[in-house]
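Peer 1: Sequence:
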Amino acid sequence: MAYVTLGSKAVGSTIKLKVNGSARNFIVVHQGKPSSVYDDSCNGTWLLMKDIYESRQWDSSNTNDYAKSSIHSYLNSTGLNLFESSIRSAIKQVKIPYRKGHGTSKTVTSGSNGLSAKIFLLSATETSFDFSYMPSGEGAELAYFKGCADNSSDSKRVAYLNGSAASWWLRSPGCNVTAKRALAVGSDGDCGDTSCSYSNGIRPALILPSTLLVSDDGTVSTNTAPSTPGSISVPSSIMGGTNISISWAKSSDAESNLAGYKVERSTNGGSSWSQIYQGTATSTTNNVAFGTTSVMYRVKAYDTEGLESGWRTSSQVTVVNNNAPSAPPSIAVPKDVKGGSTLVISWTAASDSDGNLTGYILERSTDGGGTYTQVYKGDALTYTDTITKGWATVMYRVKAYDSYNAQSGYTTSTKRTVDNNTTPTITTSSAASLGSKSSGFTISYSVDDVDASDTLTVTEKLDGTTKRTYTPTRKATNSFAVTGEYFQKITNGSHTMTVTVTDGKAIVTKTFTFTKAVTAANITLAQPMEADAQITLCAISVGGLIPADAMFKVEVTNNGKDSSPVWEDATTEARNGRNHLFTNQTAANGFAFNFRVTAERGASGESGYIASIQGGFQ
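Quick note on numbering: the working numbering labels position 556 of the sequence shown as 602, and the sequence is numbered without any gaps.
For the record, the hints were derived by calculation from the structure and aren't laboratory data.
Don't take each hint at face value.
As the list claims (entries may be wrong) - No farther apart than 30 Å at their CA atoms in a straight line, the calculated lysine-lysine pairs in the DSSO-like style are these: (1) LYS164 <-> LYS64; (2) LYS164 <-> LYS146; (3) LYS461 <-> LYS423; (4) LYS202 <-> LYS138; (5) LYS445 <-> LYS435; (6) LYS55 <-> LYS192; (7) LYS445 <-> LYS423; (8) LYS599 <-> LYS535; (9) LYS164 <-> LYS192; (10) LYS513 <-> LYS535; (11) LYS384 <-> LYS521; (12) LYS152 <-> LYS141; (13) LYS445 <-> LYS461; (14) LYS461 <-> LYS435; (15) LYS138 <-> LYS346; (16) LYS435 <-> LYS521; (17) LYS599 <-> LYS562; (18) LYS461 <-> LYS384; (19) LYS483 <-> LYS556; (20) LYS114 <-> LYS141; (21) LYS96 <-> LYS202; (22) LYS138 <-> LYS96; (23) LYS202 <-> LYS164; (24) LYS483 <-> LYS599; (25) LYS513 <-> LYS562; (26) LYS164 <-> LYS79; (27) LYS192 <-> LYS96; (28) LYS164 <-> LYS62; (29) LYS79 <-> LYS64.
Build the full structure now, drawing on both the sequences and the hints.
Peer 2: Written out as structure tokens, the structure reads:
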């Protein structure tokens, strides 16, 4: 069933209202308040029953006092109750202009002093008559009757009862001769006066709200205004020059024809308002200009018929006109960025004209600046970030904020490529400082790399000289030996050993230090040299540097395989390059040659060394 609002109906069109159970046609004779003569209650849609409902006396006592007439009483009691309840409740209680009292007076009472009624008869003035014997200005000409002949018949005034044109009453008294006559419209549409006790037709007139919804079958629906939004939310702290969000609770509407909301703003404490939003949403944003001292907002709902709710008004909020800090002048990110490692980001200090700079917000992007994630908030100028292995790139941006949380623009770093190679590792139980060494030694270590496809290369160096380079087995134990001749050849003092491993992309080095401190030496052959016959003499020389105050001794034996070899002193011969003649002539286990050279640093502390031992025997 289609409903339309009465306010949209054209003057002269008809609608149906149920009267005594049947739908009767009513003409729209006016829209709105006809003139200032009328009370505001008369502002609505004026309806006049198209045909005559029935015939009745104007007044049974034959007196032309409309306010006390039997027809006025009938219309607002029995006549009113003939209308269906939904229509009856919607009919407006109005105050219509009328001639007060009875007799021949033409004086009209109007405005708020008009006659209170729901159902009434039209006046002669309203139906476009202008006779000398009618009240003066009993209302105003209704739009439907404009253009009708003032003092003659007109078809617009003709009404029918049971199919035949018939006379119908007006509410205007006849003011020419007697107090017993009232005016009526004749069957030809002209006006005349008739005895109040005479029966003429009645055409009920009434005023309905223009917002009322009516259907073709005569049913009505009263359109009510939406409810006032239950609340309005405005930030408790507002910064000048920023956008804020205003939201409000949804309104309800009995007819389900809520159309939207209107939001207004005041910057002078509510003295004046300006609209900032109209639409269906329950929130909006608004820019509060810098320099605004205070602001407040209000919202109301409206429906499709233009009915509006009351206003819901926010509290007044003082606007803080704080200047945001400047953006940090620069941000620095190291060029070398490795996945799985840390990275120190730094930036230069921002400035703030209000002197309330509070800190900085640092954000990170791993998609080339498409999205950012906050990683730090505070007053420092540096931040150490952990770089997740697998990121392709990383970049940063920083902004400053103050005590009001006003924020600067961003300062953005250069995009850095992340090196996702894992650095090889060297594992050892040896300390970095190996301490003092008086004899050869060995350190153990292992190497590894989580990147299984990488080829590792290890280099061992002693005092910067490469000892060996090789491809290791991952996690296997490896040895760096400084023993034997290798140890003997280095001088007393500080020495450095390094173990370096590389995967071709990264290098790791372990460094070890030790001090060679050899103040004495005892050198002999591991196995005696056997002879076929008795050894009678030998020659031996010791090369190197032997300080003058050093203890130095050279001993030789020709029965070196015996359990207790006979050692003979050959120091003098060795110093002077002479042969030594053996005095021993026996050997239980066969003759065999050996030597032992002993040297020990003297009181001067002067260092020396033995570079070689040479000789022969026979």
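Peer 1: Failing hints, ascending?
Peer 2: none
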